[in-house]
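These protein sequences, in sequence, are chains A, B and C.
Each residue of the first sequence is one higher than the last, beginning at 235 in my numbering.
Each residue of the second sequence is one higher than the last, beginning at 241 in my numbering.
Each residue of the third sequence is one higher than the last, beginning at 542 in my numbering.
Derived from the structure by calculation, the hints contain no laboratory data.
Being a predicted model, the structure only gives us computed values, none of them experimental.
Some hints here could point you the wrong way.
Claimed, not checked - Think about it this way: if two alpha-carbon atoms lie no more than 27 angstroms apart in a straight line, the pair counts; the simulated BS3-like pairs of lysine-lysine are: (1) Lys890/C - Lys274/B; (2) Lys889/C - Lys274/B; (3) Lys310/A - Lys287/B; (4) Lys310/A - Lys273/B; (5) Lys310/A - Lys274/B; (6) Lys261/B - Lys547/C; (7) Lys600/C - Lys341/B; (8) Lys648/C - Lys261/B; (9) Lys889/C - Lys261/B; (10) Lys310/A - Lys889/C; (11) Lys890/C - Lys310/A; (12) Lys600/C - Lys261/B; (13) Lys341/B - Lys890/C; (14) Lys261/B - Lys310/A.
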Amino acid sequence: MVLKKLFSRAAPPPLRLPSGSFTVDREGTIVVSTLPSDFPTALVREIGHHARETFQEARAAQLPLNELIVHYGGLKIVARELRGGALVFLSPVTPISPARSAGDPSL
Amino acid sequence: MKPRKLDALIRQLENYLECWKQFNAFVNLARSKKFGAEDENQFLEVKSVLIQELELILAAIEISSPTKEDIHTLIGNAPSLRYLSELNDAALRNLENQWHKIYIGWHAILGQLKVRQQTDGDKSPLAGLFARSGK
Amino acid sequence: METRQKILLLDDEPDLLELYREMLAQLPSRPEIHTATSGPRAMALLEAHPFRLFICDLKLPKMDGLQVLSIVRRKYPNLRTVVLTSVSDDQFRSRVYALGVDLYWQKPSSEQETRMFLECIESLLGREPEEAGFRGVQSKSLVDLIQLECLSQSSSTLRITNGPLTGNIWILNGELVDAETEGVTGEEAFRKILAWKAGNFEILPPEPERPRQILKSCNALLLETAQALDESAGGETPPGDVGARPASRLATVAQLPEVEFVLAADGPVGSPRAESLGLENPERLAVWLGRTLERFSALGEQLQAGPLEQVVGLGLQRNVALAARGESRLCVGWRYSLNAAEVRERMKKVMATWF
Numbered sequence: 235m236v237l238k239k240l241f242s243r244a245a246p247p248p249l250r251l252p253s254g255s256f257t258v259d260r261e262g263t264i265v266v267s268t269l270p271s272d273f274p275t276a277l278v279r280e281i282g283h284h285a286r287e288t289f290q291e292a293r294a295a296q297l298p299l300n301e302l303i304v305h306y307g308g309l310k311i312v313a314r315e316l317r318g319g320a321l322v323f324l325s326p327v328t329p330i331s332p333a334r335s336a337g338d339p340s341l
Numbered sequence: 241m242k243p244r245k246l247d248a249l250i251r252q253l254e255n256y257l258e259c260w261k262q263f264n265a266f267v268n269l270a271r272s273k274k275f276g277a278e279d280e281n282q283f284l285e286v287k288s289v290l291i292q293e294l295e296l297i298l299a300a301i302e303i304s305s306p307t308k309e310d311i312h313t314l315i316g317n318a319p320s321l322r323y324l325s326e327l328n329d330a331a332l333r334n335l336e337n338q339w340h341k342i343y344i345g346w347h348a349i350l351g352q353l354k355v356r357q358q359t360d361g362d363k364s365p366l367a368g369l370f371a372r373s374g375k
Numbered sequence: 542m543e544t545r546q547k548i549l550l551l552d553d554e555p556d557l558l559e560l561y562r563e564m565l566a567q568l569p570s571r572p573e574i575h576t577a578t579s580g581p582r583a584m585a586l587l588e589a590h591p592f593r594l595f596i597c598d599l600k601l602p603k604m605d606g607l608q609v610l611s612i613v614r615r616k617y618p619n620l621r622t623v624v625l626t627s628v629s630d631d632q633f634r635s636r637v638y639a640l641g642v643d644l645y646w647q648k649p650s651s652e653q654e655t656r657m658f659l660e661c662i663e664s665l666l667g668r669e670p671e672e673a674g675f676r677g678v679q680s681k682s683l684v685d686l687i688q689l690e691c692l693s694q695s696s697s698t699l700r701i702t703n704g705p706l707t708g709n710i711w712i713l714n715g716e717l718v719d720a721e722t723e724g725v726t727g728e729e730a731f732r733k734i735l736a737w738k739a740g741n742f743e744i745l746p747p748e749p750e751r752p753r754q755i756l757k758s759c760n761a762l763l764l765e766t767a768q769a770l771d772e773s774a775g776g777e778t779p780p781g782d783v784g785a786r787p788a789s790r791l792a793t794v795a796q797l798p799e800v801e802f803v804l805a806a807d808g809p810v811g812s813p814r815a816e817s818l819g820l821e822n823p824e825r826l827a828v829w830l831g832r833t834l835e836r837f838s839a840l841g842e843q844l845q846a847g848p849l850e851q852v853v854g855l856g857l858q859r860n861v862a863l864a865a866r867g868e869s870r871l872c873v874g875w876r877y878s879l880n881a882a883e884v885r886e887r888m889k890k891v892m893a894t895w896f
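Excised from the complex, chain A in its bound form (with noise of 0.2 angstroms):
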């Protein structure tokens, strides 16, 4: 037990979600960012690749889009198409404050 306990891996501390929004240009390189510097990069590189990939085969089916919307549980990332890049908001939601947007005004 005490083996285990001076072996065992700590776990890694969640993942903050972020709030912010960065670019992509059309080669997929992130041009601009206003995520907080912990986030790491290789995840918003990915979550730009997911965006300008959906879009561009959406684009290859016949359905071409012009904006993204993912809902997670606690997460809104919204995409939007910038002719090959991307533009792409996060936002965290919680139960206390859901997201909302256009069509739904609170203000």
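Starting from the structure of chain A, add chains B and C where the hints point.
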């Protein structure tokens, strides 16, 4: 400027122009008065992106127009969607005029860079050897 | 040899057209300039060739420039568009940009303006990679096709087949003349045909002798029909119409207001088993459905963002919503006029009964 850098700058400017279009889309949203808290946040993000990208572009090239002041003035005149939605028609049109002038200005710059890319490409000693075959 | 990019220029004044053609032909990228003096002619050219850029005047004799642009933006979302007009109206400019047009230019009146105009045009050309093989909508909806035939003042006969059913719609000089299906004609037949969510259509030669039975304008009838379809899909079974009873879950969803298509898939993402209603070629979309849900599901795990609930896509032609439960995947196409929140809420209701 090296060809690769020029290519990267052109890509950056294309991306930048698309972000400027987004700014105008938000102005239209404000005019329609159909927006929520999330739209406000996104508008703020778009403005941050525009300012950040501007610095990157100005670090790469010198331009006389649009000026940094023009852009900062426009961004400053659009603090929020709520503010824009409460502007009278004339004031909103004036803001759009400012946006349009900047937008056209950036397009002209992008056009100049693309011409440069073309002429640099034509001058390359390899241009003839590796000409792309037509589709 | 490099392929020259094509520009289509639309203006009803031939002299101005020639002037701009000469001007644009001198652009450093040496594009190929094509011209049209009318909306219908421009539409035909866009259909026939892969253009990179479309430059359009606003004031056109038979087709309103904004109308042309609205159709062009929906049909060819990748096509770059520019308005070149003598109209000096900020309101028009706002409307043009709201359509997603790339540039609005008042016809240049000085050397400096002309130079800047040409630089702006050059900015829309260049080495941006073009997607091979895709120019726009290859599979048109019946409504799009009818609108296009009418707006372009064409004459044709549209034959639509939906399984064992066949219908015809006669169009003469851009006006709906008659329709026929299942033993009925005129507006009633038109509504029946439009109510079919799936089908194949072909464009046949016109029949000028066909007696006129439809008196309403194309737009008015399309709108009326759309409204009637929405009302009947809202829950009431049309009297005496036993065929309206949904025979499958797909049909149940397909009959909901503003649903344009339904696609259900399961099995391997790369080669799914799929069934659909309202789609001509569902295979590719079924693969996209699986891959999109798979990649965002995996991303969600990496981000520790909680379960993937739904993916909503907004487009100029139509919107979509995607969801999955286990291996079962669902994609519903919604009318483009719905906003993101509306699509999400309606999809939630569909998901509640589907999964």
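Consistency of the hints with the structure:
1. Lys890/C - Lys274/B: Given pair Lys890/C, Lys274/B holds - Cα atoms ~24 angstroms apart, limit 27 angstroms.
2. Lys889/C - Lys274/B: Distance ~22 angstroms between Lys889/C and Lys274/B Cα, so the pair holds.
3. Lys310/A - Lys287/B: 20 angstroms, holds
4. Lys310/A - Lys273/B: 23 angstroms, holds
5. Lys310/A - Lys274/B: 20 angstroms, holds
6. Lys261/B - Lys547/C: Status holds; Cα separation ~24 angstroms.
7. Lys600/C - Lys341/B: 23 angstroms, holds
8. Lys648/C - Lys261/B: 21 angstroms, holds
9. Lys889/C - Lys261/B: 31 angstroms, violated
10. Lys310/A - Lys889/C: 16 angstroms, holds
11. Lys890/C - Lys310/A: 20 angstroms, holds
12. Lys600/C - Lys261/B: 24 angstroms, holds
13. Lys341/B - Lys890/C: 46 angstroms, violated
14. Lys261/B - Lys310/A: 23 angstroms, holds
Comparing the model with each earlier hint shows violations of hints 9, 13; every other hint is respected.
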